[in-house]
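A.B. asks: Numbered according to mature numbering (1 follows the signal peptide of the UniProt record, and there is no 0), the sequence shown spans residues -19 to -1, 1 to 533.
I should point out that these hints are in silico values taken from the structure, not numbers from a laboratory.
Fair warning: there could be bad hints in the mix.
In the DMTMM-like style, the derived pairs of lysine to aspartate or glutamate whose C-alpha atoms are separated by at most 20 Å in a straight line are [unchecked claim]:
hint, residue 1, residue 2
1, K441, D419
2, K383, E428
3, K174, D199
4, K472, D504
5, K523, E136
6, K67, E360
7, K109, D94
8, K383, E370
9, K396, D386
10, K383, D419
11, K308, D427
12, K132, D122
13, K472, E510
14, K518, D455
15, K256, E191
16, K72, E354
With beta-carbon atoms standing in for the labels, derived distance ranges [claimed, not checked]:
hint, residue 1, residue 2, range
17, D386, Q239, 48 to 58 Å
18, Q390, K148, 49 to 59 Å
19, E136, K399, 29 to 39 Å
20, P392, P79, 40 to 50 Å
21, D94, E370, 36 to 46 Å
22, N461, G209, 22 to 32 Å
We put the beta carbon where it would ideally sit given N, CA and C, even for glycine.
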Amino acid sequence: MKARMISVLVIICMIAALAACTKGNTEVKRTVPSANASPTGGTESQDAEQWALPYKGPEVTIKIFGWESFKPIDPATDFGKWVQGKIGNIKLDFEIPPEGTAAKSDLYLASGDVPDIMIYREPAKFMKNYGDGSRSVNLLDYARYMPEYTKRIAEYPHLTSYAKDDKTNYLFFPTWYNTTSELWYMNQDLMDKYNLKAPKNYEEMAQQMELVHKAEPDVSGLLFHGWGFEYQYIIYSMLFGSNGMNQMAVSYDHNKRQWVYPLTANNEVNLNTVKAMREAYANGSLHPDFSTISTDVWTNIRNNGKWLFANLYPFSTADQNNTVKTKFTYMDPPAATGVNPAVRTDYESDTTGWAFIISNTAKNPELAAGLLEFFSSEEFANTYYWGFEGVSYETAADGKKKFLDSYTQMPDADKQSKLGLTTPYTVTQFISNFYAGDAIAASWSDETKRGVTIAAEKLKNGEFANYYGATTPDFTDDVNEKMTVINTAVKTYVTENLTAFIIGKKPIDEWDKFIAGIQKYGDMNWVVEQYNAAPQKPLRAKATERTWLETK
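Given these sequences and hints, build the entire structure.
C.D. replies: Shown next, in the form of structure tokens:
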């Protein structure tokens, strides 16, 4: 009888233990490198050493959920083999959807079955829904496996801008480099042909565009990237004082130190922008399909020199000496008289647009943390961008690297399929590319390098203006829902009417009526009030406070 009771007690204890281990599916079995190692056992130094990369324990698979259009690291390439040697006995299992990444990542989070490492692009939404640690580990608990990351936190506050508190941080952000994005260029061949000099302001540029277009009707006065009307309007409005602030969305005004709706708050800027675009469209200086232009049409215009002035990203000039049949010459932004010139700087070290999380169901969060440290390390950045010494680059006596001619002349397909370089891997967004800015700039045309350096110097001394957006405050679900409805309706109304003004379908004397009509589609004043009433996030560094990439 006694033995029978003991057996019953043993069974009860086993059931209780099993229930404790399976409750909520939050406890997971971990693979450990040895019987003496565990995430909590031993000293921190012993623990870190056991889990250090390259990992020498039993093979472990780490699943990484990446973003659409990016690629997994190919283990058959030279770069893939290098990565494998650095991470050791870890198998990287990439899942990259062909499309719908945002929706699928939300499904993973909702289910609780989250891949070991997962990309996410809405930090505020994540913290609102899962800021309780129910889906991800606290990165700071694994700081011993991420020494470079821990060091960066002290220098780049944005890395903890969405931290729950000073001891809890769930989102792993990248640290990029600071450089200008779009710069202004003129078609030097046409400028020389018509004996024109770089315009000192928009008024001069408008005259030159009209002159050349009349002489050569197939030449567009202005060439912008064909990324839609909202983008086009941002670029054009910079010439009239917007500094790059999106005039169609609630934005933070650093001078007023508050959130505003720029379209109404900056009425003069917008009216002048619309008048200028209207005139340029009417006389043919602005391409008839400027806001809907296809990539093929845009590329043909650029390559064949059928433009007088252009606003281009650095990558757009990389093939200047190959496929582009005209000479680019950098020029300062042709701002209207009385307006401070401004440039855009989309590549910024404190971006929070991309984030990685480590799942709290990961069997090996120590190794996942080590991988994030590796992908964002100086060594990874230099190898990804420079490649391998003697194969893709050489080092001069002064320590500066230079790409080998044999590498620069190698077809891109071979660079990717054989060397594994220049490939847009899903971890690319998390590379600390401020370590390798010189390698990135090496592919730019000489004129772009010159322009980037000039713009960097003028940004630092305050001669050029620059708009840097503030981090959006957090709102309740109810407020978010109401704002979304208002913003969608208002933006549709605004886009349709601005387009109508520019292409001449609506008389300019109806401008005031148009502005007043915004209220019929939504109360933007209420939206702005919600932004200003909410707890504010820390402001980002100003242009004059940043270290900008120069290519001297």
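A.B. asks: Decide if the proposed pair is consistent with the structure: K383 and E370, CA atoms, cutoff 20 Å inclusive.
C.D. replies: holds, 10 Å
A.B. asks: K441 and D419 were given as a pair; does the straight-line alpha-carbon distance stay at or below 20 Å?
C.D. replies: Holds, because 19 Å separates the two Cα atoms, which is no more than 20 Å.
A.B. asks: Does D455 sit within 20 Å of K518, going by the straight-line distance between their CA atoms?
C.D. replies: Roughly 9 Å separates the two Cα atoms, so the pair holds.
A.B. asks: Holds or violated: are the alpha carbons of K396 and D386 at most 20 Å from each other?
C.D. replies: holds, 13 Å
A.B. asks: Hey, K472 versus D504, does the alpha-carbon distance stay inside 20 Å?
C.D. replies: holds, 12 Å
A.B. asks: Do the alpha carbons of K308 and D427 lie within 20 Å of each other, as the hint requires?
C.D. replies: holds, 11 Å
A.B. asks: Going straight from one Cα to the other, do K256 and E191 come out at no more than 20 Å?
C.D. replies: holds, 15 Å
A.B. asks: Hint check: K383 vs E428, CA-CA at most 20 Å. Holds or violated?
C.D. replies: Status holds; Cα separation ~18 Å.
A.B. asks: Is the Cα-Cα distance between K67 and E360 20 Å or less?
C.D. replies: holds, 10 Å
A.B. asks: CA of K109 to CA of D94, is that 20 Å or under?
C.D. replies: Given that 20 Å is the threshold and the Cα spacing comes to 19 Å, the pair holds.
A.B. asks: The hint says 36 to 46 Å between D94 and E370; measuring C-beta to C-beta, is that right?
C.D. replies: holds, 43 Å
A.B. asks: Quick one, are K132 and D122 close enough, alpha carbons at most 20 Å?
C.D. replies: Distance of about 15 Å is within 20 Å: holds.
Checked against the numbered hints above, the structure violates only hint 20.
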